[in-house]
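J.: Those sequence lines, one after another, are chains B and E.
The opening position of the first sequence corresponds to residue 162 in the numbering used here, with each subsequent residue numbered one higher.
The opening position of the second sequence corresponds to residue 40 in the numbering used here, with each subsequent residue numbered one higher.
Since the hints were derived computationally from the structure, they do not count as laboratory data.
Just so you know, even glycine gets a beta-carbon here, dropped at the ideal spot from N, CA and C.
Check each hint, because a few of them may be wrong.
[Stated by the list, open to error] If we take Cβ atoms under 10 Å as the criterion, some of the chain B residues that face chain E in the derived model are:
(1) 163
(2) 166
(3) 169
(4) 171
(5) 172
(6) 173
(7) 174
(8) 178
(9) 179
(10) 182
(11) 183
(12) 186
(13) 190
(14) 221
(15) 222
(16) 223
[Claimed, not checked] Non-contacting residues of chain B with respect to chain E, defined by C-beta distances greater than 10 Å in every case (computed):
(17) 181
(18) 226
(19) 232
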Amino acid sequence: MQIKPDFTIQKVGSTYIAVAVGETSKTFHAMIKLNETGAFLWNLLAERDLTEDELTDALLGEYEIDRETAARDVKRIVEALTANGVLQ
Amino acid sequence: MSRNIEEQLDAEGFYVSTTVGWSMFPMLRNRRDRVVVRTIGERQLKKYDLPLYRRPDGKYILHRIIGVKDGCYIIRGDNTYRKEHVPPTWIIGYVEEFYRNGKRHSVSGKGYRFYVRLWQFLYPLRAAFVGGKRLCAGVFRKLFRRKQTTPSD
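Construct the entire structure; sequences and hints are all you get.
T.: Right, here's the structure in full:
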């Protein structure tokens with residue numbers, strides 16, 4: 162899975178907001194709030210196609226957390242992005 | 040995802056969006072730049088502020104206040120040449136900052152304030168130029184159409 166090219170994130174204060182750009186911005190008016198972890202995963206998915214396992218490994222390399230927590234965070238964020246139609 | 044802009048403003052206190060259209064060019068470009076809109080609350084808007092308002096037909100507009108008259112804001116886009124009288128009840132938020140080429144610009148920044156004053160100062164010149172261009176285009180179209188519809192000799 163990967164972030165569709167018509168989406169980007171913008172840091173506003175301490176929050177990251179994902180918004181649509183290009184043609185998609187005509188119809189997609191929602192904004193998706195992301196925390197530091199969400200923004201980290203977003204940036205990885207914006208660069209290349211990754212699986213949930215690969216994202217979990219990346220999260221474990223970045224933060225001092227156990228695999229179960231990392232996998233749960235990845236699942237939660239991937240579900241939120243999927244629900245908003247951001248992933249391809 | 041189905042929440043409209045007012046609902047998102049109420050819930051978060053701000054709204055981030057990519058701008059659509061050329062009416063605020065050169066400051067904001069179609070589907071490229073982003074604005075951060077804050078809820079209006081008790082804030083009194085003033086000349087040169089950028090309100091986000093919703094017309095009765097449901098369309099959202101983000102243009103600039105160029106004056107106040109009879110309790111209404113007089114509003115015009117930076118790249119438009121027609122004024123609109125907007126009652127305060129239409130206004131749902133105002134732009135606090137915007138992002139152009141990824142760079143943050145505050146509406147209280149020096150560079151921004153210089154742009155606004157210069158752009159408004161140049162309005163008569165810009166309007167005359169655009170008016171002249173439209174006039175020439177109209178004359179050209181008329182002549183061209185007449186030439187095409189004239190029967191051949």
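J.: All hints, please: hold or fail.
T.: Against the structure, the hints:
1. 163: violated, 20 Å
2. 166: Violated. Min distance 13 Å.
3. 169: This hint holds: residue 169(B) lies near chain E, its Cβ roughly 8 Å from the closest one there, short of 10 Å.
4. 171: holds, 6 Å
5. 172: Holds - the Cβ of residue 172(B) comes within 10 Å of chain E, reaching about 9 Å at its closest.
6. 173: holds, 6 Å
7. 174: holds, 9 Å
8. 178: Since the shortest Cβ distance to chain E is 4 Å, the answer is holds.
9. 179: Check passed: Cβ of residue 179(B) comes within 9 Å of chain E, closer than 10 Å.
10. 182: holds, 5 Å
11. 183: holds, 5 Å
12. 186: Residue 186(B) check passes; min Cβ-Cβ to chain E is 4 Å, inside 10 Å.
13. 190: Where the cut-off is 10 Å and the nearest Cβ of chain E is about 6 Å from residue 190(B), the hint holds.
14. 221: With a closest approach of 29 Å, the residue 221(B) hint is violated.
15. 222: Hint violated; residue 222(B) Cβ to chain E Cβ min 26 Å, cut 10 Å.
16. 223: violated, 23 Å
17. 181: For residue 181(B), whose nearest Cβ neighbour in chain E is about 6 Å away, the distance does not exceed 10 Å, so it is violated.
18. 226: Holds: least Cβ distance 27 Å, greater than 10 Å.
19. 232: At about 25 Å from chain E, residue 232(B) clears the 10 Å cut-off, so the statement holds.
Consistency note: the structure conflicts with the earlier hints numbered 1, 2, 14, 15, 16 and 17.
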